[in-house]
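Peer 1: This is what each chain is made of:
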Amino acid sequence: MNKNDDKLILGGHEFNSRFILGSGKYSMKLIEAAVRYAGAEIITLAVRRTNSKENENILDHIPEGITLLPNTSGARNADEAVRIARLARELGCGDFVKIEIMRDSKYLLPDNQETIKATEILAKEGFVVMPYMYPDLNAARDLVNAGAASVMPLASPIGSNKGLSTKDFIQILIDEIDLPIIVDAGIGRPSQACEAMEMGAAAVMSNTALATAGDLPSMAEAFRQAIEAGRKAYLAGLGRVLTRGASPSDSLTGFLRD
Amino acid sequence: MDNKYFVDSDKLSEAALKKKHELENNPESRTNHMEYMNGMEQINSDICGKVISEMKSYDYDSYTAADVRSALSHENCTVEDLKALLSPAAEPFLEKMAERARLETQKHFGNTVYLFTPLYIANHCENYCIYCGFNCYNDIKRMKLDMKQLEHEMQVIADSGMEEILILTGESRSKSGVEYIGEACRLARKYFKMVGIEIYPVNTDEYRYLHECGVDYVTVFQETYDSDRYEQLHLMGHKRVWPYRFEAQERALMAGMRGVAGSALLGLSDFRKDALASALHMYYLQRKYPHAEISLSCPRLRPIVNNETINPLDVHERQLCQLLCAYRIFMPFCGITVSTRESETFRNGIVKIAATKVSAGVSTGIGDHESKYTGKENGSEGGDEQFEINDVRSLKKMYDDMSDEGLQPVLNDYLYV
Chain E
1 MNKNDDKLIL
11 GGHEFNSRFI
21 LGSGKYSMKL
31 IEAAVRYAGA
41 EIITLAVRRT
51 NSKENENILD
61 HIPEGITLLP
71 NTSGARNADE
81 AVRIARLARE
91 LGCGDFVKIE
101 IMRDSKYLLP
111 DNQETIKATE
121 ILAKEGFVVM
131 PYMYPDLNAA
141 RDLVNAGAAS
151 VMPLASPIGS
161 NKGLSTKDFI
171 QILIDEIDLP
181 IIVDAGIGRP
191 SQACEAMEMG
201 AAAVMSNTAL
211 ATAGDLPSMA
221 EAFRQAIEAG
231 RKAYLAGLGR
241 VLTRGASPSD
251 SLTGFLRD
Chain L
259 MDNKYFVDSD
269 KLSEAALKKK
279 HELENNPESR
289 TNHMEYMNGM
299 EQINSDICGK
309 VISEMKSYDY
319 DSYTAADVRS
329 ALSHENCTVE
339 DLKALLSPAA
349 EPFLEKMAER
359 ARLETQKHFG
369 NTVYLFTPLY
379 IANHCENYCI
389 YCGFNCYNDI
399 KRMKLDMKQL
409 EHEMQVIADS
419 GMEEILILTG
429 ESRSKSGVEY
439 IGEACRLARK
449 YFKMVGIEIY
459 PVNTDEYRYL
469 HECGVDYVTV
479 FQETYDSDRY
489 EQLHLMGHKR
499 VWPYRFEAQE
509 RALMAGMRGV
519 AGSALLGLSD
529 FRKDALASAL
539 HMYYLQRKYP
549 HAEISLSCPR
559 LRPIVNNETI
569 NPLDVHERQL
579 CQLLCAYRIF
589 MPFCGITVST
599 RESETFRNGI
609 VKIAATKVSA
619 GVSTGIGDHE
629 SKYTGKENGS
639 EGGDEQFEIN
649 DVRSLKKMYD
659 DMSDEGLQPV
669 LNDYLYV
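Protein chains in written order, with my numbering: chain E, 1 to 258; chain L, 259 to 675.
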């Protein structure tokens, strides 16, 4: 594949960057630097935090040309998530929405069943729906049928920086689901982001790994490089797969004559 | 009993004084504090039993430095680890505990710090809690804001930029009924994005009504989890009933509230046992109601009007910091609130380690926000304060100070949907 054609496509929109930035855990004045060093084109924002009156508003810190990905954090069921998504659109945050539905305040694990319901409703309303989910193949297939634009399985519990604890199950999603698989939550180091990309993930999302770093812009840059390297390796790997499928010089069936 | 808490006002009638002294001196004259009064709902819950059995068997002197090291080496903090971290053996490890706590706080909350302010709407009280400034025998100016005064107070606070408010009352069902509080909360929703309450415990149907009025967060302090000590401190009134208070948060969650907060008032009794019980109370609530947001506070006793001898006993800042680090390591996801009972220096430090929420622009008096916020006297007299605060910073000052500390002040993190 021509490198320049390697785009991430979400709901008909094309992106060059495969690094999605979270925004909730570090100061807003760092957002601009984070976006720049990360080379990010998509940044999430919690709708529940956007509507402050006079003080700092995250919307004021998002550089132009960046796609906002409002999330429904705080929603405990499909109904609440749907209402938050509609509010985000009314606030002018665009048509993208990341669905986060949690009924667990300790681990913040997503509720797949409610997420499928919300995805179906919002996709019908024209949203580009990106659901955060626990990597379960059946749930992922239901999300595809519900009209999701991507599937966002968690690598580890959110905020844990533990890396690809669910690696085997994410690989199954990558192998079986025809939508972009974006690894979300739990990625703590650039090497882990690189590994996810080598597996064939379409993109990686990270927030805590940057927020807890000593130097946020440098860490953002390290992630960008790791994600690019992982993507290149994955594309290069595709070549190896094709080679493996071709006939070796000493063919096992070379003796066949007629 | 600590007789230093007893103060007789010269304005009390002879009959009132007689009753007060009888309550203070003759335990037989007091009602059974473990028995529910008429109208108090009883729920079927095993949380209290679990918390109290852990607390009673907690022998904090039995823990050693090795137990603390082991606790700090574990990725997940068990109840046994928590006990070690709350013990005197952990005091020499305070810096290590703070490092671990800071990491957990950063992982779960990033660099955010939530700001809010309390609004006392009435200070009438029917209880005799001997350490509290609002107690019914204390000679203070009593006041209950009417809806017009309430709206004015809320406007003044909202104008300062505050978006989350905590509505508080003294504990008087007759003077400040549930409907009055509900109306106040409806009004508060006009001016604030998030409304919490810290009022007397009520039944599930009443919490449901308050939730419909816009309340989403319920704070109740158990004061002390040692029910025998509780009996000696809460001599009269509804508040005397210890188990009804213990179950308040659970009733609130059953009524659909999003979150609850609680704690002992540190210094009333053995603070290490009370800290363990506070943490476990919230821990078991979250296990039973996994969707609930839970939060711990850490109030220490403060001097009150007419009685300056009330102090937090042996809970000094080092101990308080130890408890908060232990809470954070045990429950990384739990909100931790530090009030203006603590000093500016302490609060600036602890938000970088464990606390996630601090109040600002605080008055614990009634109806005095305008004079406190703008210096303008409105001619009417306010009601006296519940206790003396320590950190007097305004919202703006707090916002700027938190930003200067490298933190991200958040005024609202919730959306009513």
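These are calculated hints, taken from the structure and not from any lab test. Treat the hints loosely; a few may be bogus.
Computed spacing ranges between beta-carbons, pair by pair [said to hold, decoys possible]:
#1 L:Glu602 with E:Ile9: 21 to 31 Å
#2 E:Gly214 with L:His332: 36 to 46 Å
#3 L:Ser432 with E:Tyr134: 49 to 59 Å
Below, a list of computed lysine-lysine pairs in the DSS-like style, where the Cα atoms sit at most 25 Å apart [what the hints assert, rightly or not]:
#4 E:Lys162 with L:Lys610
#5 L:Lys451 with L:Lys276
#6 E:Lys106 with L:Lys269
#7 L:Lys269 with L:Lys399
#8 E:Lys106 with E:Lys7
#9 E:Lys167 with E:Lys124
#10 L:Lys354 with L:Lys402
#11 L:Lys276 with L:Lys399
#12 E:Lys106 with L:Lys630
#13 L:Lys630 with L:Lys610
#14 E:Lys25 with L:Lys276
#15 L:Lys354 with E:Lys25
#16 L:Lys399 with E:Lys25
#17 E:Lys162 with L:Lys354
#18 E:Lys106 with L:Lys402
#19 E:Lys106 with L:Lys610
#20 L:Lys406 with L:Lys546
#21 L:Lys399 with L:Lys451
#22 E:Lys162 with E:Lys117
#23 L:Lys402 with E:Lys25
#24 E:Lys25 with L:Lys308
#25 L:Lys655 with E:Lys106
Predicted model, so just to flag it, every value in this text is computed and none were measured. Glycine is no exception: its CB is placed at the ideal position from the N, C-alpha and C atoms.
Peer 1: Each hint: holds or not?
Peer 2: To see whether the hints hold, each was checked on the structure:
{"no.": "1", "hint": "L:Glu602 with E:Ile9: 21 to 31 Å", "verdict": "violated, 52 Å"}
{"no.": "2", "hint": "E:Gly214 with L:His332: 36 to 46 Å", "verdict": "violated, 25 Å"}
{"no.": "3", "hint": "L:Ser432 with E:Tyr134: 49 to 59 Å", "verdict": "holds, 51 Å"}
{"no.": "4", "hint": "E:Lys162 with L:Lys610", "verdict": "holds, 23 Å"}
{"no.": "5", "hint": "L:Lys451 with L:Lys276", "verdict": "violated, 48 Å"}
{"no.": "6", "hint": "E:Lys106 with L:Lys269", "verdict": "violated, 52 Å"}
{"no.": "7", "hint": "L:Lys269 with L:Lys399", "verdict": "holds, 12 Å"}
{"no.": "8", "hint": "E:Lys106 with E:Lys7", "verdict": "violated, 36 Å"}
{"no.": "9", "hint": "E:Lys167 with E:Lys124", "verdict": "violated, 31 Å"}
{"no.": "10", "hint": "L:Lys354 with L:Lys402", "verdict": "violated, 47 Å"}
{"no.": "11", "hint": "L:Lys276 with L:Lys399", "verdict": "holds, 22 Å"}
{"no.": "12", "hint": "E:Lys106 with L:Lys630", "verdict": "violated, 39 Å"}
{"no.": "13", "hint": "L:Lys630 with L:Lys610", "verdict": "violated, 28 Å"}
{"no.": "14", "hint": "E:Lys25 with L:Lys276", "verdict": "violated, 58 Å"}
{"no.": "15", "hint": "L:Lys354 with E:Lys25", "verdict": "holds, 23 Å"}
{"no.": "16", "hint": "L:Lys399 with E:Lys25", "verdict": "violated, 44 Å"}
{"no.": "17", "hint": "E:Lys162 with L:Lys354", "verdict": "holds, 21 Å"}
{"no.": "18", "hint": "E:Lys106 with L:Lys402", "verdict": "violated, 39 Å"}
{"no.": "19", "hint": "E:Lys106 with L:Lys610", "verdict": "holds, 21 Å"}
{"no.": "20", "hint": "L:Lys406 with L:Lys546", "verdict": "violated, 41 Å"}
{"no.": "21", "hint": "L:Lys399 with L:Lys451", "verdict": "violated, 31 Å"}
{"no.": "22", "hint": "E:Lys162 with E:Lys117", "verdict": "violated, 29 Å"}
{"no.": "23", "hint": "L:Lys402 with E:Lys25", "verdict": "violated, 40 Å"}
{"no.": "24", "hint": "E:Lys25 with L:Lys308", "verdict": "violated, 35 Å"}
{"no.": "25", "hint": "L:Lys655 with E:Lys106", "verdict": "violated, 32 Å"}
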